Amino acid sequence: MVLLNKVSPDESLGRFLTQSKHFARIKNEVKPKAFMPPINLRLSVSRIHGLALEEIWDIGLAVILDMREQKTLYGVADIKAKTVEKEKLTILPDKLPSLHANVVGWPEDVAEQMSIAQELAAEAKLILKA
Amino acid sequence: MKTESYAIGRQNPVVFHRNLGVSWYAGKIREEADKIRQSFARTISFGDKLSQILEELLLARHEYSKDNWDGYGAKRIDEQSFENALRFVLSLPLGIPSPEIDVVPNGQVMFTWSKGKRQLFSVIVGSMNELSYAGLYGVTKRYGVEYFTDGISDTILDNINKVDL
Chain H
1 MVLLNKVSPD ESLGRFLTQS KHFARIKNEV KPKAFMPPIN LRLSVSRIHG
51 LALEEIWDIG LAVILDMREQ KTLYGVADIK AKTVEKEKLT ILPDKLPSLH
101 ANVVGWPEDV AEQMSIAQEL AAEAKLILKA
Chain X
1 MKTESYAIGR QNPVVFHRNL GVSWYAGKIR EEADKIRQSF ARTISFGDKL
51 SQILEELLLA RHEYSKDNWD GYGAKRIDEQ SFENALRFVL SLPLGIPSPE
101 IDVVPNGQVM FTWSKGKRQL FSVIVGSMNE LSYAGLYGVT KRYGVEYFTD
151 GISDTILDNI NKVDL
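So the sequence lines, in the order shown, correspond to chains H and X. If you count by my numbering, then the first sequence holds residues 1 to 130, one letter each, in order. If you count by my numbering, then the second sequence holds residues 1 to 165, one letter each, in order.
Honestly, I wouldn't trust all of these hints.
Chain H is faced by these chain X residues, among others (derived, beta-carbon under 7 angstroms) [to be verified]:
no.	residue
1	V22
2	N68
3	A134
4	V145
For the record, the hints were derived by calculation from the structure and aren't laboratory data. On a predicted model such as this, the values are computed, not experimentally measured, just so you know. Ideal placement from N, C-alpha and C gives every residue a C-beta, glycine not left out.
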């Protein structure tokens, strides 16, 4: 799939997992906390469709290098764009060739945010870094 | 009155309504209530589980003691949310399985009961005694806000039980 400036519904988005509480290794599950929006309500994701795992980890390592706190890259939660949009959220991609995007349009209510995060986590596929 | 006795029966028996009195008698009652609560917490059957939850809460307080723990500007653990979370734990009815404890980006404490991706319930304890909750049971979603004043509401307890742990 050739990436367009607009994100396609079938495109895979990756949410990098930087906390051990973002996933349950034994159950092979992504936890809702991985999808809880940060306080600026812009959830950072990357457009990972069609990329090899090594390329995904390279992007993930670059993402955590940009964070102000030192983080570990545990893996990625892979989710389809249409699942995100079904929750009435909007995906705002950075200009290509950047593969970064922000998921915006989150409600202010923390209970509603958690409900959406639960649905996204239930639909996401966990890929752990070896 | 039937409703009230049912609600009280579902609460932890060592949880007393908040004593906001300022008199000498109110102070004595508060001291006695604390003693009973502490002795109950030391019993083998209940004490072990409670100590484990309290220990996890304290660990979370340490783990999330600094701002920006998520790399995206998350707030450190909110002290009032932590205190309310302690009171919430002490109010849980006996027999409720231990929840997972975590902190969300706004610094509030979160409890989660989970039996799988689509069988889970979370409560986020706010600093103003608000309990923001969300549950996912198959394809059914439940979320809302309840207030924690004289115990945990039936809505919250019913959702915890719905997880079928």
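Now for the hints, and whether the structure bears them out:
Given hint, V22 of chain X at the interface with chain H, is violated; its Cβ is 33 angstroms from that chain's nearest Cβ, farther than 7 angstroms. Checking N68 of chain X against chain H by beta carbon gives a least distance of about 6 angstroms; that is within 7 angstroms, so the hint holds. Contact between A134 of chain X and chain H, as hinted, is supported at the beta carbon level, the nearest pair being about 4 angstroms apart and thus within 7 angstroms. Residue-level restraint check for V145 of chain X holds (minimum Cβ-Cβ distance to chain H is 6 angstroms; threshold 7 angstroms).
Violated hints amount to a single one, hint 1; each of the other numbered hints is respected by the structure.
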